[in-house]
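> Chain by chain, the residues:
4 protein chains.
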Amino acid sequence: MDFALDARTIELRERLTAFMDEHIYPIEPTYWEQLEAQPGRWSPPPVIEPAKRAARDRGLWNLFHPGEEGAGLTNLQYAPLCEVLGRSLHIAPVATNCAAPDTGNMEVLSMFGTPEQKAQWLQPLLEGRIRSAFAMTEPHVASSDATNIETSIVRDGDEYVINGRKWYISGAMNPEATVLIVMGKTDPSADRHQQQSMVLVPRDTPGVDIRRGMKVFGYDDRDHGGHAEIDFVDVRVPVSNLIGEEGGGFAIAQARLGPGRIHHCMRLIGIAERSLELMVERAASRVAFGRPLSDQGVIRDWIAESRVRIEQLRLLTFKAAWLMDTVGNKGAHTEIQAIKIAAPSTVEWIVDKAVQVHGAGGLSQDFPVAEWYAQVRTLRFADGPDEVHKNALARHEIRRMSTRG
Amino acid sequence: MDFALDARTIELRERLTAFMDEHIYPIEPTYWEQLEAQPGRWSPPPVIEPAKRAARDRGLWNLFHPGEEGAGLTNLQYAPLCEVLGRSLHIAPVATNCAAPDTGNMEVLSMFGTPEQKAQWLQPLLEGRIRSAFAMTEPHVASSDATNIETSIVRDGDEYVINGRKWYISGAMNPEATVLIVMGKTDPSADRHQQQSMVLVPRDTPGVDIRRGMKVFGYDDRDHGGHAEIDFVDVRVPVSNLIGEEGGGFAIAQARLGPGRIHHCMRLIGIAERSLELMVERAASRVAFGRPLSDQGVIRDWIAESRVRIEQLRLLTFKAAWLMDTVGNKGAHTEIQAIKIAAPSTVEWIVDKAVQVHGAGGLSQDFPVAEWYAQVRTLRFADGPDEVHKNALARHEIRRMSTRG
Amino acid sequence: MDFALDARTIELRERLTAFMDEHIYPIEPTYWEQLEAQPGRWSPPPVIEPAKRAARDRGLWNLFHPGEEGAGLTNLQYAPLCEVLGRSLHIAPVATNCAAPDTGNMEVLSMFGTPEQKAQWLQPLLEGRIRSAFAMTEPHVASSDATNIETSIVRDGDEYVINGRKWYISGAMNPEATVLIVMGKTDPSADRHQQQSMVLVPRDTPGVDIRRGMKVFGYDDRDHGGHAEIDFVDVRVPVSNLIGEEGGGFAIAQARLGPGRIHHCMRLIGIAERSLELMVERAASRVAFGRPLSDQGVIRDWIAESRVRIEQLRLLTFKAAWLMDTVGNKGAHTEIQAIKIAAPSTVEWIVDKAVQVHGAGGLSQDFPVAEWYAQVRTLRFADGPDEVHKNALARHEIRRMSTRG
Amino acid sequence: MDFALDARTIELRERLTAFMDEHIYPIEPTYWEQLEAQPGRWSPPPVIEPAKRAARDRGLWNLFHPGEEGAGLTNLQYAPLCEVLGRSLHIAPVATNCAAPDTGNMEVLSMFGTPEQKAQWLQPLLEGRIRSAFAMTEPHVASSDATNIETSIVRDGDEYVINGRKWYISGAMNPEATVLIVMGKTDPSADRHQQQSMVLVPRDTPGVDIRRGMKVFGYDDRDHGGHAEIDFVDVRVPVSNLIGEEGGGFAIAQARLGPGRIHHCMRLIGIAERSLELMVERAASRVAFGRPLSDQGVIRDWIAESRVRIEQLRLLTFKAAWLMDTVGNKGAHTEIQAIKIAAPSTVEWIVDKAVQVHGAGGLSQDFPVAEWYAQVRTLRFADGPDEVHKNALARHEIRRMSTRG
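Chains as they are written, first to last, in UniProt numbering: chain E, 1 to 405; chain D, 1 to 405; chain S, 1 to 405; chain H, 1 to 405.
Read the hints as simulated data drawn from the structure, not as lab findings. Mixed in with the good hints, there may be bad ones.
In this list, chains with the same sequence are indistinguishable; a pair is considered to hold if it fits within one copy or across any two.
Claimed, not checked - Under the rule of at most 20 Å between Cα atoms (straight-line distance), these lysine to any residue pairs were calculated in the SDA-like manner:
#1 Lys330 to Asp2
#2 Lys330 to Phe3
#3 Lys118 to Asp383
All chains should be modelled from the sequences, with the hints used to inform the complete structure.
If you want it as structure tokens, here you go:
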């Protein structure tokens, strides 16, 4: 066992940290000002562009991508970099072309796309010329159970006809998100996990009705293309837009999840670290009843607990990444589930304390912590609520123990 | 000991419940639509007006006010009504002229105002013709410690000259909030709690610079006049605008707090009850993995815990109200502090579970729970953070026990 | 609504408090010394006797009993007295003949006993001449589900024949506990709640095999007659020993529970109050790193939280008692369940903090807090685990809301 | 980074697991029976002896010891073995001569002992012929602050004279614990951390008054030599019994702590794993209301949370061990503190749930979980309460961040 990062990761992390110091943190105020000044915009403000160029110039582009088209890093190598990106959640991932949902979509296309699909969609995504969305969640059902999906994908000759409603489709309000990966049912009578398929749907296909941007607390996240509610009304795409095979949708979704969860968790850890820094900084600089807040026992308790929890969470996420690299998705199953359970609630706790130390400012637009809270909170049910994952992990644990005895 | 409500309270609660059923719940969708349709508006949308008229017609106006100008209810009688109002937090309190911060301001003017001040400000407030704001919190200091206040109020002949910056001044973005009660220091060298004074400042006084609306999570609360950041630059008001005496600001603030805390807590309990209803309704109507959510043990645990916590919290708040009515502010001190500590965290826990049961919808604009979460969260530090209150309550407990032994 | 105690309760509480000060607290050290000195004894040490006499002399005997044979108090009147008794948990309830399980057994005999049963068992119990036990829990099944009970009660002519194993039968190691109320099944094929019956079994009946004393953590509670494991092997009692009717066991058990739960909860509140006192006292008298512990923020947080939680819990318990008095067991159902859920975990939290403030001493025999912890901990599953009660309360809540809408 | 154990550790763990299966788990029932049958005994019952021989024969002796006299393992190599030992907490560590406080005492003598001290005490300890104790905690002061220590060690010619009272001196009731390491003050006027010294005191030295065994909850832990309260009254030992230098006591105590904390934490993790196994086994085998407990959502939640927390805690403990091996005590400081904070509360939570799933049995002598709870609970203040460690960790974190900025 060895807890040291390898040389390449250390070097990349240093380079990435320098990039953050020079190109990301300094543009944060401008980023929000520009966004505020352009109310109708559903994409990042212009100040992102020089940062994107700088990232490409420095070889900090597509770091997430394990293949030749990207940095070729293992999950374990990318994880600490992903944490650094999470520290400036709205800007750094986009600036380095490492932002969700594009990352997962690129992985899907890499693994399951036809050469034509790759040429048409993967290539421009890898170059950061277009964005994309992933349309799975539906408003009328508990989407954590994939058999609940109501969107239909019906073959009609050489076309698929799609009908259904999706919501919280992140990024899809952005007109630059020119392609949507849509999950629906091609065969509701098949086995539980063979009913679903995924098809590529250009955003401007007739019948794709982008109805409105859903909010997260009061935020519309419009710099990230928001979270669209979309009606699909007799939407027709050629059968060549199918990803993989008919009935393969559930399996593809599962394959997409593994790295995605590590990315989510590491970004959350980045948020947690920066929240802790802000908490300490604020506590050290505010005085109440004759002492800085940082001298007060309860706040010290929060600081200590935050450190203790972050350290544990990061190690478990690293281990999940290492398992994915060494024994694959299946072998990493328990750990992937464990971090999906642990990370949102742990980081939510920490960000909540950072909010509290900031008082009214903590919920305001002047500090990032309230907005982080909102982001973190969504992850307690995005990709399935905590309760579903805990139930599954427990079932697995019960089965494992009973077969062992 | 007797846990039954008295006849008048029961009658008023029935009348108020009927009013809610007829005039408040039905207009909720329209309220939000109208608000959405008027982006620049910092006051309630027009649909509030018929509701206000209906409330006056039914004698459901100024229920909060203990004196002749209002309903003349005791704190204990008003408390259950206040809970009902809290169920439609944005609409019902305003519709009945029972909304903060006007309620506290009217109480201050009733108790400490001169006849002229009452005529000029209290009367139109009681009639719901104007709104008001209370300017205490400052961005640069921990305002829970009143000695930290930096805003100065300096006498210059027959005028006071006010300089300083306030923020999170709820309601002050609304041009109809024609008067601000401003807390500042008239004598920084006086004893700790004699340094502060309160003055009435018309919102249109030269030097009053309403800079921007502060947000709570992503919400701007503009239907409630938002939460203004205000610069006071050489603002001059006549000395007759002083409320009470010079150096009396801290004492007035304390007097203002007692009933206000009961109101806050009862409204929170209204939120908690309605959150629990929404939680149960949603859980009963959603199916995952073959069973309604309401059959799942963890969700039942939340429902039971919510009920158990609400019942305890409500009784303690009633008791605090009863003590205020029977032995006054001082005698109710521990209980007032106790509900200030207990209510926000208890209700936050419940609303969080309601959010979780709603999945993505729980954070959206389609259900009220996310917005309630934001409101509740602010009360963990509004009027002083939990930590300050706990510290004070504990100090009092330690002293009480050591003197008794 | 009125939160003041009535005059009789106040007078009794004063009298009881004086009794505690004169006869109970002073004998606590001797009580434990005498017990330590008599290893084989399964009953209170001799020092209890003068306290019992004093209690009788002062009219502080059978306070729990609502009928003419006792003090004739309502549940609401007895509740605050029960709290006082809980402050010296091992001594005061026994000294006043208000100790479980005798109290519940006396209530059962009062309500359901025949004149002969009353003469033989109730009378000596009321006089404190004998003790008793209640044999329901079984080692091999989850006893919270009464249909799981395996002990059989089979009629054979004029006798019932009892076979089965019970454990954690509190008090039954004490030879003075001359009678056991045994719950078993007379008709396993009947409806769910008609299968069980209760019979009176003299402890010295052939076939009653008191196997051993079960422990609670390391404690054997031998001053209270311990917690016996008992085998019933072809135990024969006359059919006249049946309590109530055949098949009535479940209903009797339910009737027994209501007041018992209020007693349990009030005693726990007594423990909580005294734990808080000990916590404050210890914190004020210990110095670490230059300051008394009571100046440290985290410990103040515990003190404040303890006070806030106790106040809420006590009010809810009072309300449950008041409901039992005014609308009966059924009408008080939710509140009875709520206090059963709330009290053990709330008081456990407080006692745990008292332990922590005492350091190593907190787990030792030199302070009562560790032993209280053990007692409180058992109540998280005695009379059914928290989880069962929460599930039931939630089901009730769900049904109530769905029928209302 | 690499999360795989090395070959030697894997081989040893397999060997140790086989040893547990053959020699430890099977003797557990006999162990407790023999102990029960010998009330006055303050040492392990005879059945331990063949297990000790088997451990030596298999090379599973002194595994903890990093030097030539032991297994020569790194902290990281020993950690997973220590976890396995913790699974049978009362038996396995003693059987392998890896039990506290002997382990820490042997380390102290190895590092700081003179050749004579080593010959006289270290050698027989390594051979398991004698036991030992470590006398630091005092009843009258908060011992977490070393400057509070009241025991005096005064030089008088060629002797030290010791006066003071200690308590919770684990193992010292056992007559085989022939030597005590006593911490006291040789110079109360020196710098904070130069006042203390350590001396070796044979247990039979005149003036060593072993007063009584202190309890933990109701347990006396007599198989482990209990927890003695000891008076030192003019106890005289030769100056050659000083360990290290005068004034070096605090530094030696600190050096002793590092590995000890890893051992404590890993043993706790062993307890947690076995508690989880027992929880699952019990839940799978008990039926209530028609379903096995393991189908109930709340219990599944506990199982999942237990797994998630154990995985995180183990990794952090491994990392702390790795840091100690690679950068030493100082470099591992934060992580050592973090596991001291995290492990007791985490494992306490898990054991508590295991207790709850076992119902009454969970607190009984029939299952190990209640006794584990007691052991784990002590570690929330042994070696300093959580609150002291959190405060220190937070101070360090605040300082680190302020110097970096």
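> Against this structure, judge whether each hint is valid.
Hint-by-hint comparison with the structure:
Taking the closest pair of Cα atoms, Lys330 and Asp2 come within 20 Å of each other only across two copies (19 Å); inside a single copy the shortest separation is 23 Å, beyond that limit. With identical chains, the CA atoms of Lys330 and Phe3 are at most 20 Å apart between copies only, with a shortest distance of 17 Å across copies and 23 Å within one. For the identical chains of this complex, Lys118 and Asp383 are neighbours neither inside a copy (25 Å) nor across copies (57 Å), given an alpha-carbon limit of 20 Å.
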